[in-house]
Amino acid sequence: MSVLVDISHRLSGFAIDARFESAGRLTALFGASGSGKTTLINMIAGLIRPDKGRIEVDGRVLVDTSAGIFVPKHKRRIGMVFQDARLFPHMSVASNLRYGRWFTPPAERYAGMDAVVDLLGIGPLMNRRPAKLSGGEKQRVAIGRALLASPRLLLMDEPLASLDEARKAEILPYIERLRDETKIPIVYVSHSVAEVARLASDVVMLAQGHVIASGPTEAVMQRLDLLPVEERGEGGAVLDTRVLRHDETFGMTVLGSAAGEIRVPRLAMTTGARVRVRIRARDVMIATEKPTGLSALNILPGTITAISPGEGPAVEVGIDCNGATVLARITEQSRHTLKLHLGGKVFAVVKTVSFDRANTGAGLPAEMDG
Amino acid sequence: MNWLLDLTPDEWNAVRLSIKVATVAMLFSLPPGILIALLLARGQFWGKTLLNGLVHLPLILPPVVTGYLLLLTFGRRGPAGAFLAEHFGIVFSFRWTGAALACGVMGFPLMVRAIRLSIEAVDRRMEAAAGTLGANPLWVFATITLPLILPGLIAGAILAFAKAMGEFGATITFVSNIPNETQTLPSAIYTFTQVPGGDEGALRLTLISIVISMAALVASEVLARRVGRRMDIE
Chain A
1 MSVLVDISHR LSGFAIDARF ESAGRLTALF GASGSGKTTL INMIAGLIRP
51 DKGRIEVDGR VLVDTSAGIF VPKHKRRIGM VFQDARLFPH MSVASNLRYG
101 RWFTPPAERY AGMDAVVDLL GIGPLMNRRP AKLSGGEKQR VAIGRALLAS
151 PRLLLMDEPL ASLDEARKAE ILPYIERLRD ETKIPIVYVS HSVAEVARLA
201 SDVVMLAQGH VIASGPTEAV MQRLDLLPVE ERGEGGAVLD TRVLRHDETF
251 GMTVLGSAAG EIRVPRLAMT TGARVRVRIR ARDVMIATEK PTGLSALNIL
301 PGTITAISPG EGPAVEVGID CNGATVLARI TEQSRHTLKL HLGGKVFAVV
351 KTVSFDRANT GAGLPAEMDG
Chain B
371 MNWLLDLTPD EWNAVRLSIK VATVAMLFSL PPGILIALLL ARGQFWGKTL
421 LNGLVHLPLI LPPVVTGYLL LLTFGRRGPA GAFLAEHFGI VFSFRWTGAA
471 LACGVMGFPL MVRAIRLSIE AVDRRMEAAA GTLGANPLWV FATITLPLIL
521 PGLIAGAILA FAKAMGEFGA TITFVSNIPN ETQTLPSAIY TFTQVPGGDE
571 GALRLTLISI VISMAALVAS EVLARRVGRR MDIE
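Read top to bottom, the protein sequences are chains A and B. For the record, in the first sequence the residue sitting at position 165 is 165 according to this note's numbering, with numbers rising by one throughout. Counting from 1 along the second sequence, just add 370 to a position and that's the residue number in this note's numbering.
Read the hints as simulated data drawn from the structure, not as lab findings. Check before you lean on any hint, since a few could be wrong.
Said to hold, decoys possible - List of simulated lysine to any residue pairs, SDA-like, C-alpha gap at most 20 Å:
id, chain 1, residue 1, chain 2, residue 2
1, A, Lys168, A, Asp180
2, A, Lys75, B, Glu497
3, A, Lys75, B, Val510
4, A, Lys132, B, Asp493
5, A, Lys75, B, Asn506
6, A, Lys52, A, Gly68
7, A, Lys75, B, Arg494
8, A, Lys75, B, Val597
9, A, Lys339, A, Ala287
10, A, Lys132, B, Val597
11, A, Lys183, A, Ala107
12, A, Lys132, A, Met91
13, A, Lys75, B, Pro401
14, A, Lys183, A, Leu119
15, A, Lys75, B, Phe511
16, A, Lys132, B, Arg596
17, A, Lys75, B, Arg595
18, A, Lys75, B, Ala512
19, A, Lys339, A, Arg357
20, A, Lys345, A, Ala324
21, B, Lys390, B, Arg596
22, A, Lys132, B, Val385
23, A, Lys75, B, Lys390
24, A, Lys351, A, Arg266
25, A, Lys132, B, Arg595
Please model the complete structure; the sequences and the hints are all you need to start from.
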């Protein structure tokens, strides 16, 4: 499966000129609000007609302005989950779910009602009206409705943005299951580092209508300098790990990564399960000698591979820990005092308690083995 | 109480005729009413203001003028009237069908206004969502737009019906006041007031007309509430 977008479009006072291609399980279109990501996803869905360009999904040309091709939205078979759910108010949950299924030719229906209802845990809601659902429930039904149309591609436009933290935590595992247990490729729009780091296999980073970086999540998320200003504090290295064992005495889980063992608060996952962690750069300290008498439990040896200026008095230091890169944000004064330089041997120090629900999630199955 | 229900055959006919005329006028106005309301609410075309003005004309013109214009156009020798009579056998002048036409035209602006407002209130993002689920524009209209504007549709239809029940000026100008053919309730009441000793008949028909109008109003309220409950719009 692949998505190719190559368009230029002019909105009132705002120009989008973007090209990207992705074959990932879940591709995140990531950028600050106003970067053009929602416009792009609306173009893929067929809700906006680009001035110029080409859009292909799986080799099927949906838009080619030079050839005069524009496939209308109802013939694209591309599912869309909107930020505001957009459930039909005059239909029950069950009728909403059946709506798209009804328009799908029987031979192309691959999504089964029971499987989808089960995947999203919406069985008890079937006879309710959308007005009687919570925000999180609405969003789960909206995902189910899009899935049951058996789409070739699923688009999600900031599906969590209008939910509070508790509701987000409620939905995220469902999106992880969607990513890992179904074969539908997903394009996911988000402005949140936490969501992108947790969910995406690939990232297309946008700013002012242009693609400024794209590629695998671990690589793109290293570019702290490209993150939207308000999200910089959330930036950090993304590592794919496995559960090695649980430490029941102290309520911790030990994860195995290329960089070494990482201790995090106890996760409800089985041994061997894949876990993706995001280590925020601001949570990482640097020591030039192996520290002793320190409370932090994670001490990862490595080599400095990058030092770049950050916001204000900060510098961002990239540390290669046996192939996995860990990012640290420290002050320029510390860098000066410790005489940090490229190639220097250091230890990255991370407190166990800096890991929380927002930066630990289920890992992607496919690419860990690569 | 007996004198109220003790109607003469002519009076009964006036009541039946009024209900028939108003019902036919309402039903035949609905399809063009929805179409024009859609055009005005969503269309972007040259002459939209003109169309809007044309639709509202019966509301601002003296009813006699509207009736006379209908007579000129749909009368036996009018261009539309002659055409319809020749090709489809439909005759309006001095028939109850003409009364229905006059009532339909007079109620049309009210109906279009109500439907147009409800179309403008429809969340178009719902329609876009239906499109991404595979529904073509016709299906979107039938399954999303139409159910969402149902309360407005009912309100518009009842308004048109009520207006038709009370229409007098255009009807009497266009199709005159023929008992059993074009004599609707208002015309019958008018006739009673013109003859000595007609007070009792006029009062009877007046009360009946109040009852019918109230019943229509209550029915629309009940319907609208039921639809509203079914929709559960936040």
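Okay, the hints, checked on the actual structure:
1. As the CA atoms of A/Lys168 and A/Asp180 are separated by approximately 18 Å, the hinted pair is consistent with the 20 Å bound.
2. The hinted pair formed by A/Lys75 and B/Glu497 meets the criterion: a straight-line CA distance of about 15 Å does not exceed 20 Å.
3. Taking the CA atoms of A/Lys75 and B/Val510, the gap is near 13 Å; set against the 20 Å cutoff, the hint holds.
4. For the hint pairing A/Lys132 with B/Asp493, the CA-to-CA distance comes to about 19 Å; that is within 20 Å, so the pair holds.
5. As the CA atoms of A/Lys75 and B/Asn506 are separated by approximately 8 Å, the hinted pair is consistent with the 20 Å bound.
6. About 10 Å separates the Cα atoms of A/Lys52 and A/Gly68, which keeps this hinted pair within 20 Å; it holds.
7. For the hint pairing A/Lys75 with B/Arg494, the CA-to-CA distance comes to about 19 Å; that is within 20 Å, so the pair holds.
8. The straight-line distance between the Cα atoms of A/Lys75 and B/Val597 is roughly 32 Å, outside the 20 Å bound, and the hint therefore fails.
9. Between the alpha carbons of A/Lys339 and A/Ala287 the distance comes to roughly 11 Å, so the proposed pair stays at or under 20 Å and holds.
10. Taking the CA atoms of A/Lys132 and B/Val597, the gap is about 17 Å. The hint holds against a cut of 20 Å.
11. The suggested pairing of A/Lys183 with A/Ala107 holds, with an alpha-carbon distance near 17 Å, which does not exceed 20 Å.
12. Using a Cα cut-off of 20 Å, the hinted pair A/Lys132 and A/Met91 holds, with the two alpha carbons roughly 12 Å apart.
13. Taking the CA atoms of A/Lys75 and B/Pro401, the gap is about 28 Å. The hint is violated against a cut of 20 Å.
14. Pair hint A/Lys183 plus A/Leu119 holds up; C-alpha atoms about 13 Å apart against a cutoff of 20 Å.
15. The straight-line distance between the Cα atoms of A/Lys75 and B/Phe511 is roughly 17 Å, inside the 20 Å bound, and the hint therefore holds.
16. Simply put, A/Lys132 and B/Arg596 have alpha-carbon atoms about 17 Å apart, close enough for the 20 Å limit, and the pair holds.
17. At most 20 Å may separate the alpha-carbon atoms for a hinted pair to count; A/Lys75 and B/Arg595 exceed this at roughly 37 Å.
18. The hinted pair formed by A/Lys75 and B/Ala512 meets the criterion: a straight-line CA distance of about 18 Å does not exceed 20 Å.
19. The hinted pair formed by A/Lys339 and A/Arg357 fails the criterion: a straight-line CA distance of about 35 Å is larger than 20 Å.
20. Between the alpha carbons of A/Lys345 and A/Ala324 the distance comes to roughly 15 Å, so the proposed pair stays at or under 20 Å and holds.
21. A distance of roughly 26 Å separates the Cα atoms of B/Lys390 and B/Arg596; the hinted pair therefore is violated under the 20 Å criterion.
22. The straight-line distance between the Cα atoms of A/Lys132 and B/Val385 is roughly 46 Å, outside the 20 Å bound, and the hint therefore fails.
23. Between the alpha carbons of A/Lys75 and B/Lys390 the distance comes to roughly 45 Å, so the proposed pair goes past 20 Å and is violated.
24. Using a Cα cut-off of 20 Å, the hinted pair A/Lys351 and A/Arg266 holds, with the two alpha carbons roughly 14 Å apart.
25. Simply put, A/Lys132 and B/Arg595 have alpha-carbon atoms about 18 Å apart, close enough for the 20 Å limit, and the pair holds.
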